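Novice: Protein chains in written order, with this note's numbering: chain A, 1 to 276; chain B, 1 to 276.
It is possible that some hints are incorrect.
If several chains are the same, the list does not tell them apart, and a pair holds so long as it fits within one copy or across any two.
[Stated by the list, open to error] Dumping the calculated DSS-like pairs for lysine-lysine here, alpha-carbon to alpha-carbon at most 30 Å:
| id | residue 1 | residue 2 |
| --- | --- | --- |
| 1 | Lys131 | Lys246 |
| 2 | Lys246 | Lys128 |
| 3 | Lys120 | Lys131 |
No lab work stands behind these hints, which were simulated from the structure alone. Predicted, not measured: the structure shown is a model, and the values here were computed from it.
There are 2 protein chains.
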Amino acid sequence: MNETIRAACGQFQPQFGNVQANLVRMSAMVEEAQADLIVFPELCTSGYEFRDRHEAEALALDPGGAEFHWFREIAANDPPHLVFGFPERSHQSVFNSCALIEPNGRTTIYRKIHLFDREKNLFAPGDKPPKVIDTGVGRIGMMICFDWVFPEIARSLALQGAQIICHPSNLVLTYCQRAMFFRSVENGVFTMTCNRIGSEARSNRTLTFTGASQILSNRGATLAQAAPDREEVIAATLHPLEAENKMLTANNHIFNDRREDLYAGLCVERAVAGRS
Amino acid sequence: MNETIRAACGQFQPQFGNVQANLVRMSAMVEEAQADLIVFPELCTSGYEFRDRHEAEALALDPGGAEFHWFREIAANDPPHLVFGFPERSHQSVFNSCALIEPNGRTTIYRKIHLFDREKNLFAPGDKPPKVIDTGVGRIGMMICFDWVFPEIARSLALQGAQIICHPSNLVLTYCQRAMFFRSVENGVFTMTCNRIGSEARSNRTLTFTGASQILSNRGATLAQAAPDREEVIAATLHPLEAENKMLTANNHIFNDRREDLYAGLCVERAVAGRS
């Protein structure tokens with residue numbers, strides 16, 4: 001993989017509970033984008049504001065089910081690499097997950113580790129480390145929305161070799177879009193934050209999402225940014241291999257300069273285990 | 001310690017090589033600030049742009065020497081807690097260090113771990129983990145300038161219980177001031193970034209420093225900010241115990257939500273040690 005790729009975000013307003021309509025909308029955006037890699041928002045097959053766990057279960061998808069077959073068809077025919085968020089049914093649990101589907105059909109799931117606020121009442125937290133997938137469009141890592149607050153997730157992905165972090169989101173504030181500049185810079189990786197737009201008023205509050213999806217370079221440059229309130233596909237041409245260059249100055253390699261031996265307290269349990 | 005404190009930054013332009021003049025300037029700012037805690041810039045006793053290692057050695061201070069006796073006198077009489085950056089002589093090495101001097105004379109040194117660019121030609125890198133000091137004005141951690149790029153330092157200090165991170169700096173860009181918002185938010189700590197102003201043209205380049213020293217709350221609010229180009233003392237009243245509140249939402253405790261067991265690759269060596 002030594003070429004530029006066309007990377008896109010499909011920012012839209014999912015219709016709550018109407019999986020079929022959302023899949024059709026995503027399909028149209030895939031067509032419009034003509035991209036090698038397209039990222040969609042968090043929970044974009046279902047909508048966000050579930051009233052309770054039962055509703056989340058009812059709208060959850062099984063990666064072995066018909067909808068994923070349909071996604072794999074899209075990925076095989078077009079062919080883009082697809083990343084999108086969905087409620088995942090797995091045994092008795094529902095996770096707030098996202099999937100990467102490659103043209104060859106390989107499907108990788110990431111389950112959101114840091115659940116936001118009342119999501120804790122609806123979903124089980126992620127139970128596996130975030131991992132990096134070596135694809136035809138570069139080495140890809142995934143994280144979801146509120147994961148941005150915890151620097152460890154993007155760091156872990158970058159240290160595992162991620163060149164592009166795909167970041168499906170349902171953001172109601174705008175801090176994250178600014179923060180991702182620093183997640184890109186501190187890790188030297190491309191980041192693609194795909195946020196949704198529109199409002200949901202399904203409980204005793206109204207949530208309005210802030211759009212402004214963005215694609216940032218491995219140095220934090222804004223390669224593409226969407227409007228805060230309009231459905232749109234944004235796209236940029238990027239060279240994933242540039243993320244291999246971790247030299248922030250002539251003398252600073254942001255990974256080799258790390259001093260794990262001096263970061264007291266970051267991994268307490270492992271350090272204790274190491275002493276036994 | 002259950003009270004509000006007055007915290008200040010003394011932003012000034014050190015005169016290169018004129019330690020005496022810089023100490024007098026700092027003394028005047030201590031007087032002006034009337035603060036419980038005052039932070040000064042990185043390398044503010046000496047200036048920044050050493051031509052070579054010999055020059056750094058010549059201007060380095062020994063924490064057992066006369067200048068530190070003088071600082072302890074200030075801290076004892078006023079009494080503020082003083083934090084300032086200085087080149088530290090220790091055996092055959094010179095470190096880019098900062099000191100915390102408490103009114104009782106206790107002196108704690110932090111040696112900059114992540115040296116910036118050609119500082120690597122001048123200084124030995126920090127050789128000890130950053131630590132937290134329990135003082136009469138709260139639990140204090142220190143980091144220096146470019147350390148901000150590495151999220152591990154502020155994280156390590158916060159996990160060790162820091163309520164206030166004192167951050168002497170010599171910044172030539174303005175990314176850091178924006179980034180510290182996120183260091184405050186992601187760790188729930190007060191941050192005090194004291195930058196210098198003015199220019200130095202002692203080699204084949206001219207460095208201009210960006211001022212804009214700032215004091216941020218544990219939620220990232222700007223409590224005080226200095227001009228980019230003027231010597232000034234800025235101050236704010238803050239309640240260090242507020243940093244004990246790590247609830248970012250009603251359901252999110254930013255430390256308890258961390259999943260060290262899932263942060264693959266962050267502490268590789270220790271993890272390996274843990275398996276042995």
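Novice: For every hint, state whether the structure bears it out.
Specialist: Here is how each hint holds up against the structure:
no.	hint	verdict
1	Lys131 <-> Lys246	both (20 Å within a copy, 28 Å between copies)
2	Lys246 <-> Lys128	both (27 Å within a copy, 25 Å between copies)
3	Lys120 <-> Lys131	within (22 Å within a copy, 33 Å between copies)
Violation of the numbered hints given earlier is absent; every hint is satisfied by the structure.
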